[in-house]
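S.K.: Generate the whole structure from the sequences, applying the supplied hints.
Spelled out from the first residue to the last, the chains are:
Protein chains: 4
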Amino acid sequence: MSSEYGKTLKISIFGESHGKAIGVNIDGLPAGESIDLCALYDFMSRRAPGKSALTTHRKEKDQPIFLSGITNGKTNGFPLCAIIENSDTRSGDYSGFENTPRPSHADYTAYLRYGGHADMHGSGHFSGRLTAPLCIAGGIAKQILENRNIFVGAHLYSIGEVCDAPFPLHPTQTLFNDIVKRELAVIDESVIDSMKNAVADAAENLDSVGGIVECAVIGFPEGIGTPMFDGIENRLAHALFGIPAVKGVEFGAGFSAAKSLGSLNNDPFTVQDDRIVTTTNNSGGIVGGISNGMPIIMRTAFKPTPSIMQQQQTVNISALENTTLTIKGRHDPCVVLRAVPVVEAVAATVMLDLLIGG
Amino acid sequence: MSSEYGKTLKISIFGESHGKAIGVNIDGLPAGESIDLCALYDFMSRRAPGKSALTTHRKEKDQPIFLSGITNGKTNGFPLCAIIENSDTRSGDYSGFENTPRPSHADYTAYLRYGGHADMHGSGHFSGRLTAPLCIAGGIAKQILENRNIFVGAHLYSIGEVCDAPFPLHPTQTLFNDIVKRELAVIDESVIDSMKNAVADAAENLDSVGGIVECAVIGFPEGIGTPMFDGIENRLAHALFGIPAVKGVEFGAGFSAAKSLGSLNNDPFTVQDDRIVTTTNNSGGIVGGISNGMPIIMRTAFKPTPSIMQQQQTVNISALENTTLTIKGRHDPCVVLRAVPVVEAVAATVMLDLLIGG
Amino acid sequence: MSSEYGKTLKISIFGESHGKAIGVNIDGLPAGESIDLCALYDFMSRRAPGKSALTTHRKEKDQPIFLSGITNGKTNGFPLCAIIENSDTRSGDYSGFENTPRPSHADYTAYLRYGGHADMHGSGHFSGRLTAPLCIAGGIAKQILENRNIFVGAHLYSIGEVCDAPFPLHPTQTLFNDIVKRELAVIDESVIDSMKNAVADAAENLDSVGGIVECAVIGFPEGIGTPMFDGIENRLAHALFGIPAVKGVEFGAGFSAAKSLGSLNNDPFTVQDDRIVTTTNNSGGIVGGISNGMPIIMRTAFKPTPSIMQQQQTVNISALENTTLTIKGRHDPCVVLRAVPVVEAVAATVMLDLLIGG
Amino acid sequence: MSSEYGKTLKISIFGESHGKAIGVNIDGLPAGESIDLCALYDFMSRRAPGKSALTTHRKEKDQPIFLSGITNGKTNGFPLCAIIENSDTRSGDYSGFENTPRPSHADYTAYLRYGGHADMHGSGHFSGRLTAPLCIAGGIAKQILENRNIFVGAHLYSIGEVCDAPFPLHPTQTLFNDIVKRELAVIDESVIDSMKNAVADAAENLDSVGGIVECAVIGFPEGIGTPMFDGIENRLAHALFGIPAVKGVEFGAGFSAAKSLGSLNNDPFTVQDDRIVTTTNNSGGIVGGISNGMPIIMRTAFKPTPSIMQQQQTVNISALENTTLTIKGRHDPCVVLRAVPVVEAVAATVMLDLLIGG
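As given, the protein sequences belong to chains A, B, C and D, one line each in that order.
The numbering used here applies: residue 1 is where the first sequence begins, and numbers increase by one.
The numbering used here applies: residue 1 is where the second sequence begins, and numbers increase by one.
The numbering used here applies: residue 1 is where the third sequence begins, and numbers increase by one.
The numbering used here applies: residue 1 is where the fourth sequence begins, and numbers increase by one.
With a straight-line cut-off of 27 Å between C-alpha atoms, the simulated DSSO-like cross-links for lysine-lysine are:
1) Lys7(D) / Lys7(B)
2) Lys7(C) / Lys7(A)
3) Lys74(A) / Lys7(A)
4) Lys20(A) / Lys74(C)
5) Lys74(D) / Lys20(B)
6) Lys20(D) / Lys74(B)
7) Lys7(A) / Lys7(B)
8) Lys7(A) / Lys7(D)
Keep in mind the hints are simulated off the structure, nothing from the lab.
In this text the structure is predicted, and so the values were computed from the model without any measurement.
M.R.: Next comes the structure, spelled out in structure tokens:
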């Protein structure tokens, strides 16, 4: 399979950027769960393009249409399919980048894989637009988790060289709510201007900039997961690498643990309010693939979007010779800003899958 | 499932550290592949404990016994099961860490998950010893890949703060062979002493130290993989997080791409010897989940092993009170040294699975 | 998962009988396959309700809308999602059989499984209407197989006690075409009147009647499949039992082989036109899970539809007492007539999955 | 995958008839389940060769060796691997049927599939001997089900033309126990002589005879399963077709339902002892893929074993010409006698998988 993940809860994404519609089919949702559509739209609006300064929180064109799986506002136990119609569908033949592929875009690998049959208009099925149906699935999963007092939140850990504060040892629902309300999804408001400048600089230079999203899951029950190949880390990483532009995933101390010593990296146990907790969380809430009751912490690295408007070196595939390329149009200089809810969405679906499927 | 990965090629690991045997069942190998057992043992000896200065390169006790799947030195198309008998099996009741769990070890999460039924003697199924059967599978996969001119190699990218040189743009089979011959698996021999010192320092301080393994796959055909959730990165990451102590995985420029600009991170295309290549490889050979013909590059971060002999803070689970713990015995101060072939093994099985299953 | 099958080719069915739309998502189709939409509609019309005497061969309301996966009349390699909008959607609360379940219908088990949350209007996701999207997938799979000279055909092996002739040793594409053209999908035209009488008798008695569909796949390559749990029979049976009302599946001689002797049931080999064939086909083209080059033959038993208009004995669930029930409305007295293309559809998708995935 | 089935509970079978060992790896067993090894051996002895008149009920050579997954007599939550060593291993090159394949045996399809690399000595991985490790898994699953008051039993529904009584509406554990104690596994003792004669006649004529095994599961909770492709019937059928020689599977009234009328085949509901039950069980306890609380009833058709000692018509593959073949040695004239516990084993593993995985 290619565009599906999950075990008990199966999430299948379909659609191309300029096709008739994009959407998601979710198989395995528990029955009888109330879905608050307003809350879902609010969640989805966090990744919508054009959002700034908390203005219009609903882009009508990205409004999901539910084809199945919901009856009278509740999941009915059957597969839930929701679609978003594309207003801007393809017209006539595609005359894009198929012969002069954009560097670090999927143009060339799609050509290698699908031999010219892939509909790459607007990047087709590789488009970041496909994260909208992911957010439908994730928004629903988040609500079902919240009904069980499990909360998923994320923030902009860094944009280029500008870093936010990391999550504290015990992130709270309040913190998650505060992050969402801010102009940028950060913990430390004082970094917002620097981050905006980093993005503005990239835009001004016809360039783009990458970033890291840190995500936390709180309230997740302890003792869930398994060792080796089906643990929490395996499943989260497998799904997170499905988000376009992701090039790295780490849990807890992650790569910095590799520079550390056991005496510093081990999380000492202590009894607190009659519960066993750890006083640090370098494990990111997961040991041996299994949750230990501490917050689950992961960081996902996004490369700078390859869509930059500077002239770039490429090749003419049919002539097999070097050439240059300048991408036209307006492009998002920093997709990471909109990736925060996408990471939450993927994390929420995986955690719900683990919760209901064991 | 818990201890299985792969799609067309299924790898199932079984066994506990002090049980009767550990082993692997491999379902889906192509038939008629010659397996060179000497080469396999040589590969396995690279992860064997006690190896130093290239002395005894074969530990008899880790010799695999093939129960099925091989006839007259060739795979026969049926499931291949191989086991390694444990000389040091459990005796009587286990009186270990079940009530005073070792920090950042799986003792506590195993207790939460299996309610005291897990056999945690020697860490049971969580033990690093389970990487031995992984290396059986990986050693076989490497040979089958090599017959197709695909080579997998890895090196110690870093031990603690000491860094090796990274892989060059085009790693070669010769480089892979050179790395294996060295006292430590590095590209730049001049760092060996510093790395050995870092390990010796940790040992002296009854401590442990982490590290990063960088792995490359060369010769892998272009155009293999799929977008979204079943791409090369998804599948490699899913499997790599199954190696004990792994806390981070990245491809190409990985986390450093998140600090970069599109103009620097994009890989320009060029024609070289009538082939289309890129002049940099920040993508790590994978764009949109699909191979682009460049070397596939990944880095895997290992935390310092939690088995340190300093006194540590833990809890008495049944009494629900704080206590301390000092782990006895000899422990490897740096498991990363032995993890190099394990990373190669996992990468090789995943790449073979992708190759035969599409 | 519940409403998905397939391994390399994943078929996911969604929708409820009276929801907004029903549909199918097909993940894993090869790219570049031309899809003849007219031929697809013709195929789908074979299962359409109301069809008789080869009249209108296209019910507009069951016209599929393709949301993704097809560009310029060819598969593009990405997931293909197609939907059929329901003209007759639910209105207000459902006041049906939830408290007085219809015998042998899914009303009661849906109540047990989904606790009243299932949308059972028109039988919801259990409805025979869900076989329409199955036919979209199957019609596409049939075309892709036909491009490779593999043909799938089926006929009414029996309706009640009335039997058609079985498939000959070597069914042909011509035979498949002839069957489709007949008023009922039979090999021996002389049984049509008896079959029609059996159905008319059931209708007159406010009753229903069952039947058996026999399906053949010709031209399928030899040597495909695997022993034990992933062979051709396992996968066909797994999928065929997903068609509503199926209670039995057999291959080759099937249940009658159980009454036979080895000397009669074994298929002798012979050389014919420089090919190795068998002179009988009690194996149904499959031995040890693997195709042997002979036609693949399966029979699928359908129970009489439980929707009969006679008074029936049931229970009042909430009062926990016996009661009676009379189902109103017009109901198909023999769903098997329309099941012939559905069996072909399921068989075609499974065979295509085997062909492309090994 | 080929030799694995199950979703939450994964059963992988490995080994060849004359290889070093055959075995099973079971991934996903719940932890803390006591396994009574004597009861397991007793169960396994029911399929052991040479058993007659309830004499020696334990063949030492088929004694399983547990490599992992059990600690102090209880499952430990980790993969359970058990093997049976082959006393009669292959010696030198195989000089069997590879060039003159036995009719209706897997010799020819194995040749097509594995190109001469399959180890077909004693039928290799296609051998009925592989049902021994299946019985290890099934015996363990049966015990875990029994701890939850779920019982699985089977009997010889027919041998050739000789039929046993079918299961009554409500089979009991007592009935299951009685069946096991009889010389043949039948409900109606009066048919034993006829069955024995049918087998003896086949043996005398150097022939073989087929048969049907009927299996019942009682006490299984209601409301388990799902509609369409992951229901109880789909999963049982998928696994049952993995037993060598199976050519048909049916549930409840099965194929005979296809000859019936809705008024006769529908199962009327009634209230009995404050529970809702049906007064007939033509559904076999499964409606819409979901259990309804009635006994789950399935019948599995076995073809007569193709190993007969009469002269048979075959081909010389390399010369591509017709020839004859006479199989030497002693062969079981009726494998169905030994298949009864195998059907129970497969049914038990599938039901346990459904129970723990939902």
